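Place chain B on chain A using the hints.
There are 2 protein chains.
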Amino acid sequence: MIATNSHPEVHIEYPDWVNSLVKWDIPYNTQEDRMRLAIAVSRMNVEKDTGGPFGAAIFESETGRVVAVGMNSVVRLSNCTLHGEMVAFMMANQRVGSFSLNSPGLPKHELYTSCEPCAMCLGATLWSGVHRVVYGAAREDASLLKFEEGPVFPESYKYLEDRGITIVRNVLREEARAVLELYRSRSGKIYNG
Amino acid sequence: MIATNSHPEVHIEYPDWVNSLVKWDIPYNTQEDRMRLAIAVSRMNVEKDTGGPFGAAIFESETGRVVAVGMNSVVRLSNCTLHGEMVAFMMANQRVGSFSLNSPGLPKHELYTSCEPCAMCLGATLWSGVHRVVYGAAREDASLLKFEEGPVFPESYKYLEDRGITIVRNVLREEARAVLELYRSRSGKIYNG
Chain A
1 MIATNSHPEV
11 HIEYPDWVNS
21 LVKWDIPYNT
31 QEDRMRLAIA
41 VSRMNVEKDT
51 GGPFGAAIFE
61 SETGRVVAVG
71 MNSVVRLSNC
81 TLHGEMVAFM
91 MANQRVGSFS
101 LNSPGLPKHE
111 LYTSCEPCAM
121 CLGATLWSGV
131 HRVVYGAARE
141 DASLLKFEEG
151 PVFPESYKYL
161 EDRGITIVRN
171 VLREEARAVL
181 ELYRSRSGKI
191 YNG
Chain B
1 MIATNSHPEV
11 HIEYPDWVNS
21 LVKWDIPYNT
31 QEDRMRLAIA
41 VSRMNVEKDT
51 GGPFGAAIFE
61 SETGRVVAVG
71 MNSVVRLSNC
81 TLHGEMVAFM
91 MANQRVGSFS
101 LNSPGLPKHE
111 LYTSCEPCAM
121 CLGATLWSGV
131 HRVVYGAARE
141 DASLLKFEEG
151 PVFPESYKYL
161 EDRGITIVRN
171 VLREEARAVL
181 ELYRSRSGKI
191 YNG
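Protein chains in written order, with the working numbering: chain A, 1 to 193; chain B, 1 to 193.
Just chain A, with the same shape it has in the complex (with noise of 0.2 Å):
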């Protein structure tokens, strides 16, 4: 029985250890820096156990600027709706202080994740007014440890593209690989529904 005066609150907040790895005042330049930057998070997560071996990381195009970083946090916070882009997506709302990265007088920002977006994060690109995103690792390498995708199809990327979004596939994916064996060989959690 719950008590009728009681309800649950959702509270996110990054693992300690988010300051010692990304540089908040230092511009990230090329495209492999803003992908290692991603990588390293889900590297880092892995390392001090606090998820599953994704990371994410939303910049600001021109300047390079890094908006917020997210990491998987599904087991850590007990939410399976935390995907390294959705805490991504989240964190950077609240830095803006707006429900759109596209809102006028924002510059324009993308995602770089260490891995293809499954179906949900995929969709939450389209909501999150992000122009481009780029991604590591593909999805038949999260799905040799059995992590799942759910349903992204060709005609999904599509559907982005036609919206004005570029996908960039790829970047690194050796790098972003890794991390997904690192895993693999720790044994970590796989946490799909």
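FYI, nobody ran anything at the bench for these hints, they're computed from the structure. All of these numbers come straight from a predicted model, not from anything done at the bench. Just to be clear, a hint being listed does not mean it is correct.
One copy or any two copies: either way a pair holds, since identical chains are not told apart in the list.
Below 20 Å or equal to it, Euclidean Cα-Cα: the simulated DMTMM-like pairs (lysine to aspartate or glutamate) are [unchecked claim]:
#1 K146 x D49
#2 K146 x E161
#3 K23 x E155
#4 K158 x D16
Here is chain B on its own, set in the frame of chain A:
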């Protein structure tokens, strides 16, 4: 410039009207009772000006006990991910203390949502561990308000059904549509990214 020693946090709470609407200690026995709660949440969200015209509720299938509700909170909480279904999943995860509503020892859970889920929410449905989804208004009804649903295709539903999730469509569709119409008549904000 962002201070190196600060980072954002996300807090998600219900608006204060929730406990006046939800009967936490009384079972919702029929499919219509359960859908009426999801629709009532969507309607109150519009009437109290706390968000878009979308509501959801998660029940234990056998007992009819409501585990969590969710209401669109995108604008209220400046968070592009907070569709009604997402809030319901997150709150249900907190309530049961697990990232999956399908964890060992838990009863079966089902999602009721006042409108057909978007691509993000359909993906999250898969990760949530619910075994059944019941929706009210259809994608076309939301499109009339220029709310987008994203890349959802017939194969998307088939993907979920192949994994044992039952989909039930258009339950109390007219009652659910009436809330969309109410929102339109009040010139409510359309907050696609």
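Violations among the numbered hints: 3 and 4
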